[in-house]
Every structure is written in structure tokens, then in C-alpha cells.
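Going down the list, the sequences are from chains A and B. Residue numbers for the first sequence follow our numbering, so the first one is 1 and each next one is one higher. Residue numbers for the second sequence follow our numbering, so the first one is 1 and each next one is one higher.
Please note: incorrect hints may appear among the correct ones.
Calculated cross-link-like contacts (lysine to aspartate or glutamate; reagent style DMTMM-like; alpha-carbon spacing at most 20 angstroms) [as the list claims (entries may be wrong)]:
1. B:Lys2 - B:Asp19
2. B:Lys21 - B:Asp185
3. B:Lys246 - A:Glu85
4. B:Lys410 - B:Asp130
5. B:Lys246 - A:Asp12
6. B:Lys21 - B:Glu3
7. B:Lys269 - B:Asp185
8. B:Lys246 - A:Asp21
9. B:Lys231 - B:Asp19
Simulated DEER-style distance windows between Cβ atoms [claimed, not checked]:
10. B:Pro31 - A:Asp28: 46 to 54 angstroms
11. B:Arg133 - A:Cys61: 40 to 48 angstroms
12. A:Ser58 - B:Trp337: 24 to 32 angstroms
Short derived list, chain A residues pointing at chain B, Cβ under 10 angstroms [unchecked claim]:
13. Thr4
14. Tyr18
15. Asp43
16. His64
17. Val66
18. Arg69
19. Thr71
20. Asp77
21. Ser78
To be clear, the hints were calculated from the coordinates, so they are not data collected in a lab. Fair warning: this is a prediction, and the values are worked out from it, not measured in the lab. Backbone N, C-alpha and C fix where the C-beta goes; we use that ideal spot for every residue, glycine too.
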Amino acid sequence: MLITCPYCGPRDVSEFTYQGDANRTRPDAASTDQAAWNAYVYDRVNTAGDHREYWQHSGGCRSHLVVMRSTLTHRIDSVRFARDEANGGTARRAGGSRA
Amino acid sequence: MKEYSALALLKNAFSGNRDWKPAWRKPDPKPEYDVVIVGGGGHGLATAYYLAREHGISNVAVVEKGWLGGGNVGRNTTIVRSNYLLPANTAFYEHSMKLWETLSHELNYNVMFSQRGILNLAHSPSQADDYIRRGNAMRHDGIDAVWMTPAEIARKVPGLDVSARARFPIVGGLMQPRAGTARHDAVAWGYARGADRRGVDMLENCEVTGFLRDGDRITGVTTTRGEIRAKKVAVAVAGSTGRVMKLAGIDRLPIESHVLQAFVSESLKPAIDTVVTFGGGHLYVSQSDKGGLVFGGDIDGYNSYAQRGNLPVVEEVMSELASLFPGWASVRLLRSWGGIMDMSMDGSPIITTGPLPGLYLNTGWCYGGFKATPASGWCFAFTIARDEPHPLNAAFTLERFHRGAVIDEKGQGATPRLH
Chain A
1 MLITCPYCGP RDVSEFTYQG DANRTRPDAA STDQAAWNAY VYDRVNTAGD HREYWQHSGG
61 CRSHLVVMRS TLTHRIDSVR FARDEANGGT ARRAGGSRA
Chain B
1 MKEYSALALL KNAFSGNRDW KPAWRKPDPK PEYDVVIVGG GGHGLATAYY LAREHGISNV
61 AVVEKGWLGG GNVGRNTTIV RSNYLLPANT AFYEHSMKLW ETLSHELNYN VMFSQRGILN
121 LAHSPSQADD YIRRGNAMRH DGIDAVWMTP AEIARKVPGL DVSARARFPI VGGLMQPRAG
181 TARHDAVAWG YARGADRRGV DMLENCEVTG FLRDGDRITG VTTTRGEIRA KKVAVAVAGS
241 TGRVMKLAGI DRLPIESHVL QAFVSESLKP AIDTVVTFGG GHLYVSQSDK GGLVFGGDID
301 GYNSYAQRGN LPVVEEVMSE LASLFPGWAS VRLLRSWGGI MDMSMDGSPI ITTGPLPGLY
361 LNTGWCYGGF KATPASGWCF AFTIARDEPH PLNAAFTLER FHRGAVIDEK GQGATPRLH
């Protein structure tokens, strides 16, 4: 499995650390909504198909990434910087192009 | 149906083995059952068996999208053990071990349960302390555990690098002598035959496509072989839990599906007569009766339903094996495969009523489901029959995560890839 880091280009999966399901919404840090925190920590959609997930290029540029990957075939459709996703999708770069 | 016996073997040998009957019938689905079990793997089949055997409920169907025993029960590394630390796990897995010890007689089917022991190698003083603590917890609960010194280990496991030059020198090991291996397919077939003989219908090539509902209550399933109504529907589908439960409208569960790879080498002369696990990384290895080394390591570590893994884990597992047993470095790999694990958020299983009325759920086996097969079926059958858990599975609820009552054997937190 190759992941195309937006900064480093295509690299082997062994350079990356999986950080899990990106479909979860972290409650506001000041939130005291126990159910929302429990759901954030423990509950997963566990999609069979296109899965939005976090990876970190820990063996490379150390960027945090949001990857769209099929859990049925391991095909990767898009890789973006997590910070761009967090900023409302501005300044997105196409997968594979250098910054 | 006839009992299997040495005499039957002899008789059939003389008649050219032409008179054996199929081990279970191939019935058409009835319109309604008392219980429909979704999933014809080890756990589903054991559940069907114990429903009929222990609770007299035999108007039961097992619906399986492929063939019986074609999933994880037929693709694991066959290890059976009960060497856990936490009370809920020790009691449950020791119950399973006791069922294993009489299973071949119980089923009149040779599951080839071989109590060859499991040896957990420790590679640092702190790891040794941790293992000894676990051994003491086991002995406290009446489970066998023996601490072995490197000299004893060298005598027990020839070929193992116990030298001080090893990458991770061995400082000792925790042995559970009653642990071992079993013929995994035979477990599925034995339970299927036993359940069938008590009247349970095995419905193969019958994929569940949806659930029948009356308000919130589940009242049956729709399948590729038609609609089947049921008073109770029990789901035991391991790595497919997410997919099947979505059909019932349950979108989120404390489960992630991950791929685990397993490996078999070419056949060797007898090399090891026990199960060995490596504590410096993650590796477990035993030798099958055919001579192949059967081994595996960590899951690949990302969500997957693909039933095949990637090369980094292959490389890691091979290097671990070669570092433990340098003499095996030139042994060739015969085959490898992947299975889908239902990784729970605390590494422990879920056997429970719900999450909807009329529905029962058995999941979260991570990659330790095979050893649990008898107790899982036994407890799940109890839970379905009585509508409440047995004390042995009372802790394995779905709500425990939201109540803070997790059973986290390794203390890894809600990170399924680390369990």
C-alpha cells in the first residue's frame, strides 16, 4: 500500500502511523456532555467501503493527513493535510503535488 | 445419524468409504424459527449447539452467506489458552478451556485438541514481573501457570535462541501447560453436526440482506433465500459485525474491523512441540500435525474488510521468527492469508442482549476468538434462551464503554489496532 503524501510524494505505508477514524467529531474541550464524549472515544462507523481516516507521515515529514481509502480494496482516493481539512478545506493541494 | 467410532472407521474402510453420510442436512429455510443465528462460523455454530443441548431450543436456523466454517474459524492459528489477568477474562476463558478438554467426546467428533502448552517468552525484567503477576493471578483462580527459566526453556524448545547475544535475550517465560491447539475446521464441523443432529437447520449460501421489524423489535431476517421470521435473531458474524448491524439500523458500535494475516511454512520434521510467543514484538508459532509452522503476529493496523494484508507486517513477522529461531531462516513460506477481526475498544468481547428488542449480539473477539468458541457459544446460548447474561458473560456488555467499565487486558485504551 502506497500513500501519496502531499508533501513527500508516494511512500510506503510502513512510513505512516494510522490514527484512526476521521468521521468522529471531537466535542468542544469545555463540553461536559458525557454521551458526546463517550461517543467520540468509543463509537465507530466502521465503514465497509470509502473510509475517511487520519494518518501521520511519522517516518517522513510528520504531517497529519486525512486519507480517503476503501476498506474493501485498500484503494486510496485522496490524501490531504489534516490542517487544511480543519481550516474548512481551503488551500487544498492535489494528492502527490509538492507544497 | 450414526455415531463416529473406531468400529465405524473399520467398517467403512472395508466398504471402500462409500457409505459415509453427510455430517449435516441441507434443508430449505422454514418460514419461521424460534431463533435465527446469523453467521455459520465457530461461534454461531457453537451457539446453535448449546441452544439445543443446554436449553432444549432446537427450532433454530443458522444462516450463513457462504459455507459453514468458511470464515475466521477456518483461517486462524488454532491456539487455545486461558492465560489472562483480569477476573472477567480468566473466568470466561477458563470455562472455555474446560469445555475444550471434553469437546471431542461431547461432540463425538475429533477436534484434535492437543494440550501442548503455550510459552510466553519474556525479554526484560519488567516484562518478567508482568508475566509472573499474570501467572499468579491465574494460579489464584485455579488455572495452571508455570514460570520457566532460560535453561528450562532451552530444554523445552530446541532451536530457540536463548543466548545472551539474541536481539532480545530471553529472561524467562510463562508456560500454561493445559493450553494448546485444535483442528479448527473440525470444531466448526463438529458443532454443526451436533446441532444438526438436535434439529437445527444449517442454511448455507443464505446471505442476510436485511432485518424484519415490528417497530423497534427485530422479528426476522430477509435473506437471499427468502424471508425468515424469528422470535429472536442472534448475530455472530465477527469482522462483518459493522456491515450486518448497519442493516438493522445500528450505525455505530465500539468495533473496528481490521485485517490479520497468518502464515504456514513448508512441512518440516517435528521441530517444536509447544506454542511459543515472542514478547519482544508480537509473534506466535506452533507446528501443525502436517509439519508446517503455523504463525502470525500483529494486525496490519488500519481498518480493513479486504481479507488480505500488506507486506510490512509480513516482513516484521518473518524477521521476528528468524530472530527467535535462527535455524528456521531458510524455511520457505508455503502460504499466507488474511482474516477480518472485530477489534473492540478494550480488547475484550461483547456477548449481550440487544441493542434492539429481539436482537442479540456476539462480537468484539479481536484476534482471540478461536479459543473462545465453546464458551462464547455456551454463554451466548444462555443469553438468548434466558434473555439475560450468564455470570460468565455479564461483564461483556455493549454499554460498558459508556459506563467506564472497560475490560482492558493490555491497558491500551480505545485504540483497537493496539489490542
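How the hints compare with the structure:
A distance of roughly 11 angstroms separates the Cα atoms of B:Lys2 and B:Asp19; the hinted pair therefore holds under the 20 angstroms criterion. For the proposed pair B:Lys21 and B:Asp185, the alpha carbon gap of about 18 angstroms is at most 20 angstroms, so the pair holds. Distance check on the hinted pair: B:Lys246 and A:Glu85 sit about 27 angstroms apart at the alpha-carbon level, beyond 20 angstroms; violated. For the suggested pair B:Lys410 and B:Asp130, the alpha carbons sit about 11 angstroms apart, so the restraint of at most 20 angstroms is met.
As the CA atoms of B:Lys246 and A:Asp12 are separated by approximately 33 angstroms, the hinted pair breaks the 20 angstroms bound. Annotation: proposed proximity of B:Lys21 to B:Glu3 holds, straight-line Cα distance about 11 angstroms (limit 20 angstroms). Among the hinted pairs, B:Lys269 with B:Asp185 is inconsistent with the structure: their alpha-carbon atoms are about 23 angstroms apart, more than 20 angstroms. The suggested pairing of B:Lys246 with A:Asp21 holds, with an alpha-carbon distance near 17 angstroms, which does not exceed 20 angstroms.
In summary, the hint linking B:Lys231 to B:Asp19 is not supported, as the alpha carbons are separated by about 38 angstroms, beyond the 20 angstroms threshold. Separated by about 52 angstroms at the C-beta atoms, B:Pro31 and A:Asp28 satisfy the suggested range of 46 to 54 angstroms. The given range of 40 to 48 angstroms is respected by B:Arg133 and A:Cys61, whose C-beta atoms sit roughly 41 angstroms from each other. The hinted range of 24 to 32 angstroms is satisfied by A:Ser58 and B:Trp337, whose Cβ atoms lie roughly 28 angstroms apart.
Interface hint status for A:Thr4: violated, as the beta-carbon distance to the closest one in chain B is roughly 16 angstroms, over 10 angstroms. A least Cβ separation of about 4 angstroms between A:Tyr18 and chain B falls short of the 10 angstroms threshold, and the interface hint therefore holds. Hint on A:Asp43 holds. Least Cβ distance to chain B is approximately 4 angstroms, under the 10 angstroms limit. The interface hint given for A:His64 is broken, as the beta carbon of that residue sits about 15 angstroms from the closest beta carbon of chain B, more than 10 angstroms.
Using the Cβ-Cβ criterion of 10 angstroms, the hint placing A:Val66 at the interface with chain B is not satisfied: the shortest such distance is roughly 14 angstroms. This hint holds: A:Arg69 has a C-beta 8 angstroms from the nearest C-beta of chain B, less than the 10 angstroms allowed. Of the supplied interface hints, the one on A:Thr71 holds, with its beta-carbon coming within about 5 angstroms of a beta-carbon of chain B, less than 10 angstroms. Checking A:Asp77 against chain B by beta carbon gives a least distance of about 15 angstroms; that is not within 10 angstroms, so the hint is violated.
Interface hint status for A:Ser78: violated, as the beta-carbon distance to the closest one in chain B is roughly 16 angstroms, over 10 angstroms.
When each numbered hint is compared with the structure, violations occur for hints 3, 5, 7, 9, 13, 16, 17, 20 and 21.
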